[in-house]
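Undergrad: Here are the chains, one letter per residue:
Protein chains: 2
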Amino acid sequence: MRQTAEQQWKWLLLDALAKEKREQAQQVIEEVYPYDIAQVYEELGEDDQARLLDYLDHERLADVLEELEGEQRLAVLRRLDVERAGHVLDLMENDDVADLLEELGPEETDRLLGSMRTDEALIVRNLLTYPPETAGRLMTNRFIWVGEDFTVGETVEKMRDYIEYSETINYVYVVNQLSELVGVISYRDVILAENTERISDVMETKVIRVAAETDQEEVAQLFERYDLVSLPVVEGDILVGLITVDDALDVLREEANEDIEKLSASGKSIDFETKPWIAATRRLPWLVLLLFIGLVSGSIISQFEETLSKVVALAFFMPMIAGMTGNTGTQSLAVVVRGLITREVDKRVATRLILRELWVGLIIGVICGILIAVIAYVWQGSAVLGLVVGSSLVITLIFGTLAGTIIPLILHRLKIDPAIASGPLITTLNDILSLLVYFGIATAFISRLM
Amino acid sequence: MRQTAEQQWKWLLLDALAKEKREQAQQVIEEVYPYDIAQVYEELGEDDQARLLDYLDHERLADVLEELEGEQRLAVLRRLDVERAGHVLDLMENDDVADLLEELGPEETDRLLGSMRTDEALIVRNLLTYPPETAGRLMTNRFIWVGEDFTVGETVEKMRDYIEYSETINYVYVVNQLSELVGVISYRDVILAENTERISDVMETKVIRVAAETDQEEVAQLFERYDLVSLPVVEGDILVGLITVDDALDVLREEANEDIEKLSASGKSIDFETKPWIAATRRLPWLVLLLFIGLVSGSIISQFEETLSKVVALAFFMPMIAGMTGNTGTQSLAVVVRGLITREVDKRVATRLILRELWVGLIIGVICGILIAVIAYVWQGSAVLGLVVGSSLVITLIFGTLAGTIIPLILHRLKIDPAIASGPLITTLNDILSLLVYFGIATAFISRLM
Numbered sequence: 001m002r003q004t005a006e007q008q009w010k011w012l013l014l015d016a017l018a019k020e021k022r023e024q025a026q027q028v029i030e031e032v033y034p035y036d037i038a039q040v041y042e043e044l045g046e047d048d049q050a051r052l053l054d055y056l057d058h059e060r061l062a063d064v065l066e067e068l069e070g071e072q073r074l075a076v077l078r079r080l081d082v083e084r085a086g087h088v089l090d091l092m093e094n095d096d097v098a099d100l101l102e103e104l105g106p107e108e109t110d111r112l113l114g115s116m117r118t119d120e121a122l123i124v125r126n127l128l129t130y131p132p133e134t135a136g137r138l139m140t141n142r143f144i145w146v147g148e149d150f151t152v153g154e155t156v157e158k159m160r161d162y163i164e165y166s167e168t169i170n171y172v173y174v175v176n177q178l179s180e181l182v183g184v185i186s187y188r189d190v191i192l193a194e195n196t197e198r199i200s201d202v203m204e205t206k207v208i209r210v211a212a213e214t215d216q217e218e219v220a221q222l223f224e225r226y227d228l229v230s231l232p233v234v235e236g237d238i239l240v241g242l243i244t245v246d247d248a249l250d251v252l253r254e255e256a257n258e259d260i261e262k263l264s265a266s267g268k269s270i271d272f273e274t275k276p277w278i279a280a281t282r283r284l285p286w287l288v289l290l291l292f293i294g295l296v297s298g299s300i301i302s303q304f305e306e307t308l309s310k311v312v313a314l315a316f317f318m319p320m321i322a323g324m325t326g327n328t329g330t331q332s333l334a335v336v337v338r339g340l341i342t343r344e345v346d347k348r349v350a351t352r353l354i355l356r357e358l359w360v361g362l363i364i365g366v367i368c369g370i371l372i373a374v375i376a377y378v379w380q381g382s383a384v385l386g387l388v389v390g391s392s393l394v395i396t397l398i399f400g401t402l403a404g405t406i407i408p409l410i411l412h413r414l415k416i417d418p419a420i421a422s423g424p425l426i427t428t429l430n431d432i433l434s435l436l437v438y439f440g441i442a443t444a445f446i447s448r449l450m
Numbered sequence: 001m002r003q004t005a006e007q008q009w010k011w012l013l014l015d016a017l018a019k020e021k022r023e024q025a026q027q028v029i030e031e032v033y034p035y036d037i038a039q040v041y042e043e044l045g046e047d048d049q050a051r052l053l054d055y056l057d058h059e060r061l062a063d064v065l066e067e068l069e070g071e072q073r074l075a076v077l078r079r080l081d082v083e084r085a086g087h088v089l090d091l092m093e094n095d096d097v098a099d100l101l102e103e104l105g106p107e108e109t110d111r112l113l114g115s116m117r118t119d120e121a122l123i124v125r126n127l128l129t130y131p132p133e134t135a136g137r138l139m140t141n142r143f144i145w146v147g148e149d150f151t152v153g154e155t156v157e158k159m160r161d162y163i164e165y166s167e168t169i170n171y172v173y174v175v176n177q178l179s180e181l182v183g184v185i186s187y188r189d190v191i192l193a194e195n196t197e198r199i200s201d202v203m204e205t206k207v208i209r210v211a212a213e214t215d216q217e218e219v220a221q222l223f224e225r226y227d228l229v230s231l232p233v234v235e236g237d238i239l240v241g242l243i244t245v246d247d248a249l250d251v252l253r254e255e256a257n258e259d260i261e262k263l264s265a266s267g268k269s270i271d272f273e274t275k276p277w278i279a280a281t282r283r284l285p286w287l288v289l290l291l292f293i294g295l296v297s298g299s300i301i302s303q304f305e306e307t308l309s310k311v312v313a314l315a316f317f318m319p320m321i322a323g324m325t326g327n328t329g330t331q332s333l334a335v336v337v338r339g340l341i342t343r344e345v346d347k348r349v350a351t352r353l354i355l356r357e358l359w360v361g362l363i364i365g366v367i368c369g370i371l372i373a374v375i376a377y378v379w380q381g382s383a384v385l386g387l388v389v390g391s392s393l394v395i396t397l398i399f400g401t402l403a404g405t406i407i408p409l410i411l412h413r414l415k416i417d418p419a420i421a422s423g424p425l426i427t428t429l430n431d432i433l434s435l436l437v438y439f440g441i442a443t444a445f446i447s448r449l450m
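Protein chains in written order, with the UniProt record's numbering: chain A, 1 to 450; chain B, 1 to 450.
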C-alpha cells in the first residue's frame, strides 16, 4: 500500500511539472518529505528541475538542499539568483551551509555569505574556523538554552518564542551567567514539573559534552555508547553549540565508508555520480603503487630464476600461496581496524590480541598446510614438492596473520589511521614475504625436487 | 579535566572492590554511566567481577548488561541465580533480552523466561517470533500511546503514570479503537498545546512507519533519510512497537562491520574477545575455498608450462598482473556495495554505472599498460615482452573493473548480498582471468619472445 501511495504522488508531481501546473505541484510538495523531493529532483530533466526549484518556497528548498548530495547541491545553488540563494542559506542548518561553502572558491563563498543575513553569516563563518570532521563543524546553534535562574514557566515561554528553533531537539540546556553549561532538562521533565519550580532545581547537572575540536568519529562513539539524541559542544565550559543524533548517523555511515575505501584501496569518495576521469585519478595512485610493489615480487622471482627454470611446477603454486597469505593478512587487518574503532587498546589488549592471532595463524597454517601438501603430492607425484609447498604455507600463513595484526596496531600507536595499511602495505608485504619463504625453501631442497 | 575525573572514579571503584567497601562502590556506581561500568567490569579479575555484580542493584545491572558484548553478557547472566536473573531480564529492553536468549539452548531459554514476570516473558516470546535482523526484533514496547479521544491534559496524566516507560522517547503515539496507528505528537507540542485540546486536533497524522518484517538495514535507512529519533512498527495498521534511534545507530555499525567482514572475507563476528579456535574456524571456510581457487590458477599456469619454461621471465610479471587485476576489481566492488546501500538501482542507474566503470577501466588500463610496457622493455631488454605485458594489463584491468561492477549488480538483482562476492569470487575470478589473458597473449607471441 505504501508503494502505491508513493507512486501516486510522484506521478502527480511529474504531471504537474510537465503541464506547468504550479498549484498542483505545490500541493504535492506540501505532503511529501524533503528526502523524497530530492530523490525525484535527481531524476528530472533540466527544464523540469528548473520548474521544480521555482515552485519550492524558500523553506522547502532549504530542506531539499540538505538532502541532496554534495555536487548536486552546489549545482542547485548556482542556479539560484544571489538574493534567493541568501534566503535559502539562511534557512539551512548552519553546519550544512559550512560544508557546502567549503567546496567553493573564496570569492564565491564571500558573495554567498554576503547575501545571507548578517547574524547567520557570522555563525557560518565561525563554524568554518573549526577543522573539518570535528565536533565544531557538526554543531547547530538552533536549540533552546535558558539561564539557571529561569523558572519552568519561563522556560516554557522561551520554548514558545523559539518554536521553530526547537523543532527536532528534545532537551533544554541550562547555562550560568558566564554562559557555561551547567545542566540539562528534557522536554519530558519540563512537562512533568510545576510551572513555579526553578529550572536549576529540576535539571540534571551531569551532562555529557564534547570539546569543539573533538574528532567526529569520537562524537559518534559517544552517541552510541550513551544512547544520546543530542550532545552539547563546549569551549572550556562555555556552551557553543549542539550536535544532534542525525549528524551522528551520517558520521557513522561516512566513517564506515572511509574504512571500506581504505581497506579496499578504492580511493576517496567515489560514488555512482563521480565522473570516470575523476574516479580513475582517485584510484590510480594506489594502482601505480601496487604496480611497483608487484614488480618487487617479480624481481624476487627473478632472483630465483634458476630454481624456477629447473622446477617449473613451482610456479603452479605461486598464486595460491601469495593469495592465501595476502588474504589471511586482510582478514586479521579487518578485525583489528574495526576493533580499534569500538574500543581502547592498551598494551595488555594488544598483547592478548597478537597472541590470539598467532594461535589463529598456527591453526589455519597447519590445517591448510597439510591439505595442500597432500594435494601437491597427488597432483605432481612428488612428496618433496608436497613438503616444500605445505611447509611454506604454514610459515607464510603464520607470518601473514601476524603482519595483518601487528602493522595496524603499530600505525594506530603512531596515530596513523590503520585502515590505510591495507590495500598496498599488508597485501603486498605478504606477497613478497610469501615468495621469499616459498622460493627460499624450494631452493634449499632443489636437488631433491629435480 | 574530564580525563582526571574519569581516572578518579575508576580508582575509587577499584579501591572499594578490593577492600570490599560496598557503600563506597555503590556511591561511585550511582554517579557513573552504565557503559563505563561495563568497561571496568571487562577489565576486572574473577573475584572483583563477582563483587561488582553483587553491589549492583537489579536496575543498574540491567543497564550494565545492555552495554556488555554478547559473550560477556551470557557469562554474567549465568553467574546470577535464577531469581535474580529473572528480575534483571524484566528490567532490560525486551529486544536485548530476545537477542540474548537466542544464543542459548531451548532449555536454558525456557528456564530464564520462566523466571521472568509473565507479561514481560510473553513480550519477549513474541519478539522471538520475528526473524533476526528485522524491525520486529528491534522494537520496544516501552513507549506511551494514547487513544485519539484523549485530551492533552489526559495525555500528560498518562505520561506521569508511565514516567519510567517514557524515559528516552520524545513522542506520544495515537491509536484508534482498533489499535491502528493514526497519529503522533511530540513532547514539544504537548508542552505548547492547551490542556483542554483534543489530541486528535493537535497530532500529526502523517507518520512514517515500518512493517514488522522489514529488514533492519532498511530501518536504519529510514532513520537516516528522514532524520528520525523513533519509528513506529506496525502489523497491517496496528501499532505493535517502537524502534528508537540508538538501535538504528547499532544497526548501522553492525551492517558496516558485516560489509567489511564480507569484503575482506574475514569471517562472521570476530572481535578482540573471540577465542583463537573459534576465530580460526570462522575464517577457514574462506581460506580453504581460496586454496582451491588458487589451485585453479595453478592448473592454468600448468597448461602454459611449455610457454613458461621457454620464457621464464614471464613469471616475473605474474604477481603484478594478477595483483593489479584483483585490486581494481575490489575497488569497483567496494564502490558498488556501498552505493547499493544508500540508493535504489534501476536499469538506468546500473547501465550508467557500468559505462562509467568501463571508462575508468580503460583510462587506468591504458596508463598502467604503457607504464609497465616501458618498464618491462628497460628491465628485460625485450620490446616484445614489453608489448605482451603492457597489452595484457590493459585488457585485464578493463575486464577486472567490469567484473567488479557487474557481478555485485547481478547478485543484488538476484537478492543475494553483493558483499559476499568479494574475497573469493571477484579477486580469484580476476586472478584466473588475468593469467588466461597474460599467458594467452604470451603464447601467441612465443616465437618472437624467445
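Be a bit skeptical, because a hint or two may be false.
Intra- or inter-copy, both count: the list cannot distinguish identical chains.
[Claimed, not checked] Taking lysine-lysine and the DSBU-like style, the derived pairs with C-alpha atoms no more than 30 Å apart in a straight line are:
no., residue 1, residue 2
1, Lys275, Lys347
2, Lys10, Lys347
3, Lys158, Lys206
4, Lys19, Lys347
5, Lys10, Lys206
6, Lys310, Lys206
7, Lys21, Lys310
Read the hints as simulated data drawn from the structure, not as lab findings.
Undergrad: Run every hint past the structure and note whether it holds.
TA: Outcome of the hint check:
1. In this homomeric assembly, Lys275 and Lys347 come within 30 Å of each other (Cα to Cα) only across copies, at 19 Å, whereas the closest approach inside a single copy is 45 Å.
2. In the homo-oligomer, the alpha carbons of Lys10 and Lys347 lie at most 30 Å apart only across protomers (19 Å), although the nearest pairing inside one protomer, at 57 Å, exceeds that limit.
3. For the identical chains of this complex, Lys158 and Lys206 are neighbours both inside a copy (23 Å) and across copies (27 Å), given an alpha-carbon limit of 30 Å.
4. Taking the shortest Cα distances, Lys19 and Lys347 sit within 30 Å of each other only across copies (27 Å), while inside one copy they are farther apart (68 Å).
5. Proximity of Lys10 to Lys206 under the C-alpha cut-off of 30 Å is restricted to the inter-copy arrangement: shortest distance 17 Å between copies versus 48 Å within a copy.
6. Within a single copy, Lys310 and Lys206 get their C-alpha atoms no closer than 75 Å, and across copies no closer than 77 Å, so neither meets the 30 Å cut-off.
7. Taking identical chains as interchangeable, the C-alpha atoms of Lys21 and Lys310 are never at most 30 Å apart, the minima being 81 Å within one chain and 75 Å between chains.
Hint violations for this structure: numbers 6, 7, all remaining hints satisfied.
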